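Chains R and H, in that order, are what the protein sequence lines are.
Residue numbering for the first sequence follows our numbering, beginning at 174 and increasing consecutively.
Residue numbering for the second sequence follows our numbering, beginning at 174 and increasing consecutively.
The set of hints was computed from the structure by calculation and includes no laboratory data.
Be a bit skeptical, because a hint or two may be false.
One copy or two, it doesn't matter: identical chains are merged, so the pair holds either way.
[Unchecked claim] With a straight-line cut-off of 30 Å between C-alpha atoms, the simulated BS3-like cross-links for lysine-lysine are:
no., residue 1, residue 2
1, LYS417, LYS333
2, LYS333, LYS216
3, LYS216, LYS355
4, LYS417, LYS355
As the structure is a prediction and not an experimental result, all values here were calculated from the model.
Protein chains: 2
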Amino acid sequence: MRAGTVTPPFLAALRGQPTSRRPIWIMRQAGRYLPEYRAVREKRTFSELCQTPELASEVTLQPIRRFGFDAAILFSDILVPLEPMGAPFELTDGGPRLLHTVRSEDDVDALRIVDSREHLAFVGDTIRTLREELGTTPLIGFAGAPFTLAAYLLEGGGSKDFVRLKSMLYGRPDLLRRLLAKLTDQIADFLRMQVSAGVDAVQLFDTWAGILTPADYEILVLPGLRRIFESLEGTGVPRVLFMKGGAPYLRQMVGSGADALGLDWTFDLASALAETGSLPVQGNLDPTVLYGSRDEIRRRTREICRAGDLAPGHVFNLGHGILPTTPIEAVETLVETVRGHRPEVEA
Amino acid sequence: MRAGTVTPPFLAALRGQPTSRRPIWIMRQAGRYLPEYRAVREKRTFSELCQTPELASEVTLQPIRRFGFDAAILFSDILVPLEPMGAPFELTDGGPRLLHTVRSEDDVDALRIVDSREHLAFVGDTIRTLREELGTTPLIGFAGAPFTLAAYLLEGGGSKDFVRLKSMLYGRPDLLRRLLAKLTDQIADFLRMQVSAGVDAVQLFDTWAGILTPADYEILVLPGLRRIFESLEGTGVPRVLFMKGGAPYLRQMVGSGADALGLDWTFDLASALAETGSLPVQGNLDPTVLYGSRDEIRRRTREICRAGDLAPGHVFNLGHGILPTTPIEAVETLVETVRGHRPEVEA
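Chain R with its partners taken away, still in its complex shape (with noise of 0.2 Å):
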């Protein structure tokens, strides 16, 4: 936030403060559903546009000029940090792929903590350069949850039953608190170094979490959770814990010390906000309802916009990320009917 200025929507509801407007973001909004997007990375692998300022930052600014959402996300993928660990890995059209998986204890001691601002320098440049060029657009910064992180590392990618995962849950439990705690560290530097280079919020995903039964979430990926999140206490920007599958996990997630929650569409958002008490929320449109028709979209957008007027803050988003054959129209639709939006004020 800068001095003299008025807050921005998306940082006033993140704070639970009241909105001129309803704010909205999208997960993945800097896609390949964008033709602009397709036009730049046409010539460049992923990994080149994360790692070049200039390319991450354009592909960064793209949505924002087109729809003028209320935030913007720095492009750049969750395993990013996990290459100067000394875990390199490829992303492919399949999804990512490590090029060596943890297996052994040996595997997990070779792990490097490593400090962001010297080896993900070209994150913090990246976020310099938006900041310059954003304006008064606030800017996300996100990392992956220690656990998600975990799980790429232990099965080489996504999985259906995460049995190595398991096994070592079950087997050797010790090992995974051990890969943990180091995940936890990185992370916790990661963000910090986000922070120091100017993101106005901050987002941890937590896509494989919703694997664990709810007992081992909390004894698990909770703590974890809960010091990457301290560890920005006093910086003044709002952090945000998303998880796919969260709704067996809504009370610790709320325990997580995190600001505000993002939610995905498998929440009843109305009957949600009975937990999630204090805290903004965010979310949490199914993204395939942007393959339906044009009434459709407006009544399931406005039904959440209605739902979110009873939060203490409410940011408008997708429930997981936005998918690539994704109608362009679809997302003016979605956009024209969150502007539209009015709270309804009490007789």
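Go by the hints and put chain H onto chain R.
The following block gives chain H in isolation, referenced to the frame of chain R:
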């Protein structure tokens, strides 16, 4: 239930009656983790196994012989009724694949509702063969729930984002309803045939309904489940609903008309009982616990048994199908532990 005999623990638990021991069976208990199954399967296709009553009976009996499970489940596949409806498929190692996907109104209208006695006679034959061989061990019949079958018909197989299904839901909900109505009629007929042929309980598998918002689950899925369960009213056969990722929809599952609910491991069993109320429950060990240490298998199995002590009835099961690479010894440890469980008696 045969007159003059003691009710088997599995059926007693599903009826909320006291049991002499904690009944256990596991989803996909007749399957690739068993060497004797692999031996039979080696020379035949999966479809041959399903459609040949002697073979289907043989593999159904294998886990009963080896582990003495408290219930057998008919060896078959949830897609089996689709073939006579006019939607042939093949079962590949990567999962099922429909030969033609349903795209248009004409495709939906072309699906036939068939008399299961005639067109799925091999299922009835398998059940009759098994009823003779099983003695007092109850036999479970099953079917895929309409929504899950619709998902396969529309997507042509499994899917990550279910864009085709969702496009129909959000663009042509009337057509999706028409498809679901047909599937509902077919599944009701199919399960009634299974009951006439001699199954002692039925289970509906709703693998994919967890991709819906709770409101859509209620509007779209629940009426079909109710109709199917109602059509079995008066048969005396317990009706179980299992849903993968059911935690966000527990309230709706409770209102489905099922006599008992199968829960996956994203439920904390003890907490779920507050909502399942008078309904017996089945579950809910994470199948990958069976890759863990012997102590961990015991510890987690006991924990679920203890939570189950407080339910009106508890059938021990995994929270999803057992995985093909599961070690046999792990299943032995599991069964021993459940057999060794004694409910704590209050002082």
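How the hints compare with the structure:
no. : hint               : result
1   : LYS417 with LYS333 : both (15 Å within a copy, 13 Å between copies)
2   : LYS333 with LYS216 : between (32 Å within a copy, 27 Å between copies)
3   : LYS216 with LYS355 : neither (35 Å within a copy, 49 Å between copies)
4   : LYS417 with LYS355 : within (23 Å within a copy, 32 Å between copies)
Hint violations for this structure: number 3 only, all remaining hints satisfied.
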